[in-house]
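In order, the protein sequences belong to chains S and W. To convert, note that position 193 of the first sequence is 193 in our numbering; the numbers rise steadily by one, no gaps. To convert, note that position 248 of the second sequence is 1248 in our numbering; the numbers rise steadily by one, no gaps.
In short, the hints are calculated from the structure, not lab data. Careful, some of the hints might be misleading.
Cβ-to-Cβ under 7 Å is the rule here; a few derived chain S residues that face chain W [said to hold, decoys possible]:
1) 96
2) 146
3) 179
4) 315
Examples of chain W residues toward chain S, derived with CB under 10 Å [stated by the list, open to error]:
5) 1033
6) 1035
7) 1036
8) 1039
9) 1067
10) 1069
11) 1098
12) 1133
Listed below are the simulated SDA-like cross-link pairs for lysine to any residue, each with C-alpha atoms no more than 20 Å apart in a straight line [to be verified]:
13) W:1053 / S:242
14) S:304 / W:1313
15) W:1053 / S:247
16) W:1184 / S:246
17) W:1053 / S:248
18) W:1184 / S:245
19) W:1053 / S:250
20) W:1184 / S:37
21) W:1053 / S:181
22) W:1184 / S:115
23) W:1053 / S:249
Note that CB positions come from ideal geometry on N, CA and C, so glycine has one too.
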Amino acid sequence: MALTKDDLLKAYRLMRTIREFEERVHVEFAAGEIEGFVHLYAGEEACAVGVMLHLTKADRIASTHRGHGHCIAKGVDVPAMMAEIYGRATGSCRGKGGSMHIADLDAGMMGANGIVGGGPPLICGAALAAKVQGTRDVGVAFIGDGASNQGTTFESMNLATVWNLPAIFVAENNGYAEATAADYAIGAGSLADRAEGFGMPAATVDGHDFFAVHEAAGEAIRRARSGDGPSFIECQVNRYYGHYEGDAQTYRPPGEAEAARANHDCLDKFAGRVTASAGIEREELDDIDRAVAALIDGAVSSAKADPAPAAAEYLTDVYVDY
Amino acid sequence: MARTITMLQAINEALDQEMARDSSVIVMGEDVVGGSGAEGEMDAWGGPLGVTKGLYAKYGDRLLDTPITESAFIGAAVGAAASGLRPVAELMFSDFVGVCFDQIYNQAAKFRYMFGGRAETPVVVRTMYGAGLRAAAQHSQSPYSIFTHVPGLKCVMPVTPYDAKGLLIQAIRDNDPVIFFEHKGLYETEGEVPEQSYSIPFGEANVVREGNDVSIISLGLMVHRSLEAAETLAGEGIQCEVVDLRTTSPLDEDTVLESAENTGRVVVVDEAPPRCSIATDISALVAQHAFDALEAPITLVTAPHTPVPFAGVLEDQYMPDAARIAAAVRRVAGYAQ
Ligand SMILES: Cc1ncc(C[n+]2csc(CCOP(=O)(O)OP(=O)(O)O)c2C)c(N)n1
Ligand SMILES: [Mg+2]
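If we strip away everything but chain S, and leave its shape as in the complex, we get:
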């Protein structure tokens, strides 16, 4: 799929929105404004956006505990996400889910997930539904390097092949599962080799490079839409913050995240490339930056001002009907 100028500006705007969102949540969390467990996606933006630019609203994704970026890229309302993180009645889940459970099924977003490896089986189901209904929609399961070792992930990859499902497994390998290095925990040469063992084509790409992710995802999604079955993509990437907000990160060598920011930042890479060769002016990107900053400012101030859920809400929505 050739990228138009509009596509490129959209990709930049989404990546910038994710970055700004995460940087802001980091600050607000440190200031004690946000409760609960929060995992930030900063540094990994090109993975979500490179994939999501190919998807329609009807396509479905399943995310992880590190889900904000996937939500934004899939089109979940940003102020509603912020309100959810603040536990407000106006939040995506009306304050009942929080950061780890933001979902918007209407946007094709089947939820961040508190259970590592919770998403891949669900995506087999979404892909099965698309296949049974003959829609040509696809399902994308995002997993981490850590989740790549979970039994549910293996079983889902096998099932996707057995049923020839329009499913794509995108592994965001940021080098760590909590404090454990990916190299320690993955007992195979590479994630791609392992996926091939399950009978699907696999690609390994630089997850800081929007264009590399976009190209690999385009091929995988084309295959899925044409009925040729599942694919796997490993995106090698860095996370800029700790596993969770509050993680002292002493397991990382000093300066690792800073070096990634300085040398591999997806936004810098993207901006450099499109201003050099795609006829986009720095000024246009700056305009986006300003608009995004205003969006996030607005999201934070409305989240702070929004009402908490009504007290009685804790008893509602357990069932559709009871």
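Please arrange chain W with the ligands on chain S, whose structure you already have, making use of the hints.
For chain W with the ligands alone, coordinates are given in the frame of chain S:
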């Protein structure tokens, strides 16, 4: 000699002393060391809250970081237990049992019976439970009744640092599979704990406050809230007897029934949802065996039949608090037939 330490330190000390005493004790779980394969500090986490921190320096390879693969590593702990080791596996949050329950309830729990009494499976699964940390629906549950339901498993939930150390040492020495529930809201609780090793037998409830008017039967974090309520009620002239179950399997039925017979009025306080729960179990026990002594309906104070919500205003209502417990006790104390 006893000193004041936290529950977190008490658990660490129990593991330390048992690892020193018995080389067949090993510890495994996600980031129980932390930093494996990474270039920075080793033992960077010692578990997500630092409960196992420092043990790696002493026992090295007897602590194993695992990939995120609960079905395989909890199962490996079970298999190793059936093969001569005494593994302590950490299931980080008890909510995660969904991905590995088979290894616990079809394998560990059933070996002894199914194999005609010829197997011993001395495995301990340490796991965090409980609400109150705004951790939402998949990191806040109190699923101990699900485990208590399974014949073959023992279920332990310490309330004080003293009990945590003694019960964990017992769990490690015990020859049956034990699920050891640690409430995430209790790790920083302080209390007196002897330095030397000791164990507390299972199936012995603890009467943590004596009183003749109303029995409050409780477990886990709820014991603290029950004591808080009892204190308030004492000021109003209602004397509560507070019973901490300590283990739900085996269950100290005698202590529960003695208390019920003594007061004739029973309130059960449980952080879990009400259906098929420890609360209903205790209430059935009392109704069946202390019926004649009852002077008021058995009253349950529990979470509602809902998942755990995220937002503070919702979660605070979800969890029973001292005020709700006190209100229930007042109703029961004032009940006249
Ligand atoms: C079944 C299950 N096991 C363990 C956890 C605790 N946990 C949450 S995130 C995480 C690490 C995940 O690593 P990875 O998949 O690489 O994702 P990343 O955090 O790097 O984005 C762990 C162990 C969990 N939430 N669910
Ligand atoms: Mg990772």
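Okay, the hints, checked on the actual structure:
1. 96: 5 Å, holds
2. 146: 4 Å, holds
3. 179: With a closest approach of 4 Å, the residue 179 (chain S) hint holds.
4. 315: The hint holds - residue 315 (chain S) has a Cβ within 7 Å of chain W, the shortest such distance being about 6 Å.
5. 1033: OK, holds: residue 1033 (chain W) within 10 Å of chain S, min 8 Å.
6. 1035: With a minimum Cβ separation of about 4 Å from chain S (threshold 10 Å), the hint on residue 1035 (chain W) holds.
7. 1036: 5 Å, holds
8. 1039: Holds: closest Cβ of chain S sits about 4 Å from residue 1039 (chain W), inside 10 Å.
9. 1067: Holds: closest Cβ of chain S sits about 4 Å from residue 1067 (chain W), inside 10 Å.
10. 1069: With a minimum Cβ separation of about 5 Å from chain S (threshold 10 Å), the hint on residue 1069 (chain W) holds.
11. 1098: Holds. Min distance 7 Å.
12. 1133: 7 Å, holds
13. W:1053 / S:242: 19 Å, holds
14. S:304 / W:1313: 15 Å, holds
15. W:1053 / S:247: 15 Å, holds
16. W:1184 / S:246: 17 Å, holds
17. W:1053 / S:248: 14 Å, holds
18. W:1184 / S:245: Distance of about 18 Å is within 20 Å: holds.
19. W:1053 / S:250: 13 Å, holds
20. W:1184 / S:37: OK: residue 1184 (chain W) and residue 37 (chain S) at ~13 Å, within 20 Å.
21. W:1053 / S:181: 18 Å, holds
22. W:1184 / S:115: Satisfied, since the Cα-Cα distance of roughly 18 Å is no more than 20 Å.
23. W:1053 / S:249: 15 Å, holds
When held up to the earlier numbered hints, the structure conflicts with none and fits them all.
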